[in-house]
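Engineer: Residues per chain, in single letters:
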Amino acid sequence: MLTYRAGAVASLFFPPAGIPALVHSLRAQRLAEKGEIELAREHGEKARNWAWYSVGVGLTVYVVAALVGLLFANHGSVRVVYFAWSILTDGSAWHSMIKGFWINIQVFLIAEVIVLVWALFVAVVRLLPGPACRPLRFLATVYVDAFRAFPAILVVYIVGLGLPQANLPLVGHLSDMQYVIFALSLTYGAYVSEVYRAGIESIHWSQVAAARSLGLSYSQTMRFVVVPQAVRRVVPPLLNDFIGLQKDTAIISVIGVLDVVSRARFINNAKGSLTAYSMAALLFLVVTIPFTRWLEWLQNRRQARTQGGR
Amino acid sequence: MAFLEINQVFKRFGQVEVLRGIDLDVDLHQVVCLIGASGSGKSTLLRCINALEVIDGGEIRLDGDRVSGRGIDVDALRQEVGIVFQSFNLFPHMRVIDNITLAPRKVLGMDQDEAEAKAMALLSRVGLADKATDYPDRLSGGQQQRVAIVRALAMGPKLMLLDEITSALDPELVAEVLNIVRDLASEGMTMMLATHEMGFAKEVSSKVCFLHQGVILEEGPPEKIFGDPSEDRTREFLKRIVDAGRL
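Chains as they are written, first to last, in my numbering: chain A, 1 to 310; chain B, 1001 to 1247.
These are calculated hints, taken from the structure and not from any lab test. There may be inaccurate statements among the hints.
[As the list claims (entries may be wrong)] A few chain B residues facing chain A, derived, Cβ under 8 Å:
#1 Leu1052
#2 Gln1079
#3 Ser1087
#4 Pro1092
#5 Val1107
#6 Asp1111
#7 Met1155
#8 Gly1156
#9 Asn1179
#10 Arg1182
#11 His1196
#12 Phe1200
#13 His1212
#14 Val1215
[As the list claims (entries may be wrong)] Taking beta-carbon pairs under 8 Å as the criterion, some of the chain B residues facing chain A (in silico):
#15 Phe1085
#16 Leu1102
#17 Pro1221
[What the hints assert, rightly or not] Pairwise CB distance ranges, derived in the manner of DEER restraints:
#18 Gly244/A with Gly1245/B: 58 to 66 Å
#19 Ala1168/B with Leu127/A: 22 to 30 Å
#20 Phe1013/B with Asn240/A: 47 to 55 Å
In this text, a Cβ means the ideal position worked out from N, Cα and C, and glycines have one as well.
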């Protein structure tokens, strides 16, 4: 009984829950002394519940209060710096930002489609069987290792600034946006090919044995049996990488594409407030949050399927 | 000349010699049962016959043609030789009908309608016509195994290899699968079975082979092997089976 009491006293740091916790623990102790052990347990249980509320609700309240406090500290400077009313209500600023954000969305969508196809291709090449394909496998491995190591921002510089300077055939005369899509596809293609590869390798060899034993060739087995199952299996991690890609479209501002971040920088320079960056952040939030919720829903559904039995 | 000839076949996994000189002839329309303890090489032998495993020595001939060694067309071989696995290995992302028609369409180039008609006929035979559009995970183990048998039959194989096909089934589902094998046997399908169902082996087989540590220690008609085996090890093995109440 005394342990409830200690917990109840400790939970007084948040009195709305801490006081009931203490009251119940005292009552539990009194009842226990009178020998009414079952009633005492019930009050002990209530004391414990209230103590947990003081942790769960109390801590949340304090954290939120601290953040709100920061917002108003130093005469509300945070509010002025990040949420200047004059810019937040400026229609032309929003107009410019959304126009920039549309570029981010386009880059994201096009790069996503390219990445999906390119990464699957790379993954399949990395898993080609036999000694004859060793050079190809090696090549694909080098690509994946390298582009997973390079920071995306470097690749954007190298591709977006370097290729036009070098004036190469085929890839020397693209638009900035095309360079950026190219650069991001290269980077994310390396990541996503690893996701695919893990998916393909997770398909049990008995599936391959069954397909091959029916006379299907290696490539038919991959195409009709292994890859379809692998792709289904990796949808949640794939979506995860696409949230990353969506955010990383912000990198394209470094080579002068007029995306949402570039435009935020202009507004920032003109008005001397970071509010435009907050607006850009908000735009990313508006797109990403439904996307993440959808992803969670997919994952839960999958889990419910595999754990709920047949 | 036998339909299937297995001569001095060796198979090693790393340091472990799983098959140590297997000799076996199977005639057309024969049903050969492989019995023996776990690890005696039954499954490996079956997997070698349709080249899911590459043998390390000896040779295998099907219908006079050498089907082991270098340069053989494994895909062509596997069209002739169907195999059914202990764990069914249906394709979980395809409906039953698509599981069955995949290989006839993609390998034999059969058109969709023909392949489906053929698949439905086979499914009706095993009593599963109403399951054609279900996904495998909606089916019981016995039903899945029946589909797996149909999937192999749809390729029109000349030889069927059945690798402990009832071992993963609940006891009450074993009969429905064995009935199909019995039907196939009575129709004259050439089959090799690795099995622990001794009663069934006794009833259906034309020849029983007792494998022990990678060799066929004893072979003969079922009455001989089950009634009066000449090897002590065969007798010991059968005694353990009887003691376990499985014969």
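Engineer: It remains to establish, for every hint, whether it holds in the given structure.
Structural biologist: Results of checking the hints against the structure:
no.	hint	verdict
1	Leu1052	holds (6 Å)
2	Gln1079	holds (4 Å)
3	Ser1087	holds (6 Å)
4	Pro1092	holds (7 Å)
5	Val1107	holds (4 Å)
6	Asp1111	violated (17 Å)
7	Met1155	holds (6 Å)
8	Gly1156	violated (11 Å)
9	Asn1179	violated (23 Å)
10	Arg1182	violated (23 Å)
11	His1196	violated (19 Å)
12	Phe1200	violated (23 Å)
13	His1212	violated (26 Å)
14	Val1215	violated (25 Å)
15	Phe1085	holds (7 Å)
16	Leu1102	holds (6 Å)
17	Pro1221	violated (29 Å)
18	Gly244/A with Gly1245/B: 58 to 66 Å	holds (59 Å)
19	Ala1168/B with Leu127/A: 22 to 30 Å	holds (29 Å)
20	Phe1013/B with Asn240/A: 47 to 55 Å	violated (39 Å)
Hint compliance for this structure: hints 6, 8, 9, 10, 11, 12, 13, 14, 17 and 20 are not met, and every other hint is.
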